[in-house]
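Engineer: Given the structure of chain A, go ahead and fit chain B onto it with the hints provided.
Protein chains: 2
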Amino acid sequence: MAAEASKGGKTRQRIVAEAAAIFNQRGYEGCSIQSIMAATGLEKGGIYRHFESKEELAAEAFDYAWSVASAKRRIHLDAIANPIDRLKQHVANFMTRGGLPGGCPLLNTAIDSDNGNPVLRAKVRAALRGWQTMLVGILDEGIAAGSVRPEIDRMAIANHIIGALEGAMLISRIERNDGALRQAVAHLDSYLESHRRIPTA
Amino acid sequence: MAAEASKGGKTRQRIVAEAAAIFNQRGYEGCSIQSIMAATGLEKGGIYRHFESKEELAAEAFDYAWSVASAKRRIHLDAIANPIDRLKQHVANFMTRGGLPGGCPLLNTAIDSDNGNPVLRAKVRAALRGWQTMLVGILDEGIAAGSVRPEIDRMAIANHIIGALEGAMLISRIERNDGALRQAVAHLDSYLESHRRIPTA
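In order, the protein sequence lines correspond to chains A and B. For any residue, its number in the working numbering is found by taking its place in the first sequence, counting from 1, and adding 24. For any residue, its number in the working numbering is found by taking its place in the second sequence, counting from 1, and adding 24.
Isolated chain A (complex conformation) (with noise of 0.2 angstroms):
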């Protein structure tokens, strides 16, 4: 019992990562029944006897896809003490380390699902808070260790990193090449060192 309950558990989340792929590539309209069983080999009653439908698969499946990209731009910053190093390497990371085809999941899913998916739209909502707050998170530690500015607006500033690197992948997107991203990364870099503060000693 316990040894196919696993098996279950592994079929599960087999399916919602191959799902997550064909959703942040495709989005919720055009990622088809049938495109999950191409890339599972299951059959459509094998798919869901553990989903109740598309829209709970969508769901954890961009749960799945958000939890990949956002653990690849967390690379690394756990070692920098510093948090304004600390947030220029994150920004760096969301430039060099791809997640999953199709680019970013949170810019891909919240246009998806703005309209008429509610379900969809709590978890990107839940997505975007979850990566303002682990920014002014950063921007707090900073003010408390006299290395950031405390005059700061430290919403204002969460949002125009994540503003500025979703907008610049969108034209990356576009323009199938990385220009926009490195410019974006570059601009960052100088408007985060404008916030640093040399501690007195």
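Some hints here could point you the wrong way.
[Stated by the list, open to error] If you want a taste of the chain A side facing chain B, the calculated C-beta under 7 angstroms gives, among others:
(1) Gly-54
(2) Val-148
(3) Ala-180
(4) Leu-194
(5) His-211
[Claimed, not checked] 20 angstroms max Cα-Cα, derived EDC-like pairs, lysine to aspartate or glutamate:
(6) A:Lys-31 to A:Glu-42
(7) A:Lys-78 to B:Glu-53
(8) A:Lys-68 to A:Glu-53
(9) A:Lys-68 to A:Glu-42
(10) B:Lys-78 to A:Glu-53
(11) A:Lys-112 to A:Asp-102
Treat the hints as calculated values from the structure; they're not laboratory data. For glycine and all other residues, C-beta sits at the position ideal for the given N, C-alpha and C.
Structural biologist: Same frame as chain A, but now just chain B:
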């Protein structure tokens, strides 16, 4: 004959306008022929008499949506002599003068078309290029007139304006308020000021 052709042209234009709003809100896959029939009151045959395919209709609908959005973003620009002030007005227009229902057609259609719709993708690419060219042109005018610092990277500035606006619009759509857009406008105002040059008398 001429009156009939003109009536046909009007019907065609009406289909494009109605379809543009639906494509912009629901995306390519989510825009069904049924929804265009409902919006126009036409039968399927009455629609496809004017368009060879959904691809053709979607491409014309994007051009229409982009022309509406672009025109709104250019309001008042001709009356402003100073290029930096003109760019600031353009940025303000982006926030205050909504385009079609569903938000910025560039953002929506770029995400929607980058897998498997080359005609639509080419339209998006051309729209972005047009926007970049317009911004670079204003900066060039400022450099020639001595009111913009000559050492700037014009394309990097154009891309930063576009990226910051589109990224902030993404956040604003997820949050369903214009907070991030307001922050982006404030940021771009001071960003643009930093490129202003006061001509020496």
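Engineer: Run every hint past the structure and note whether it holds.
Structural biologist: Hints, verified against the model:
Taking 7 angstroms as the C-beta cut-off, the interface hint given for Gly-54 (chain A) holds, the closest approach to chain B being about 4 angstroms. Taking 7 angstroms as the C-beta contact cut-off toward chain B, the hint placing Val-148 (chain A) at the interface holds, the least distance being around 6 angstroms. About 4 angstroms separates the beta-carbon of Ala-180 (chain A) from the nearest beta-carbon of chain B, less than 7 angstroms, and the hint is met. A hinted interface residue such as Leu-194 (chain A) counts as satisfied when its beta carbon comes closer than 7 angstroms to some beta carbon of chain B; here the least separation is about 5 angstroms, so the hint holds.
For His-211 (chain A), the interface hint holds, since its Cβ comes within 7 angstroms of a Cβ in chain B; the closest pair sits about 6 angstroms apart. Of the pairs offered as hints, the one joining Lys-31 (chain A) and Glu-42 (chain A) holds, with about 17 angstroms between alpha carbons and a cut-off of 20 angstroms not exceeded. Among the hinted pairs, Lys-78 (chain A) with Glu-53 (chain B) is consistent with the structure: their alpha-carbon atoms are about 16 angstroms apart, no more than 20 angstroms. For the given pair, Lys-68 (chain A) sits about 17 angstroms from Glu-53 (chain A) by alpha-carbon distance, which is consistent with the 20 angstroms threshold.
Note on Lys-68 (chain A) and Glu-42 (chain A): the hinted pairing holds, with a Cα-Cα distance of about 14 angstroms set against a maximum of 20 angstroms. At most 20 angstroms may separate the alpha-carbon atoms for a hinted pair to count; Lys-78 (chain B) and Glu-53 (chain A) meet this at roughly 16 angstroms. The suggested pairing of Lys-112 (chain A) with Asp-102 (chain A) holds, with an alpha-carbon distance near 13 angstroms, which does not exceed 20 angstroms.
Every hint, counting from the list given before, is met by this structure.
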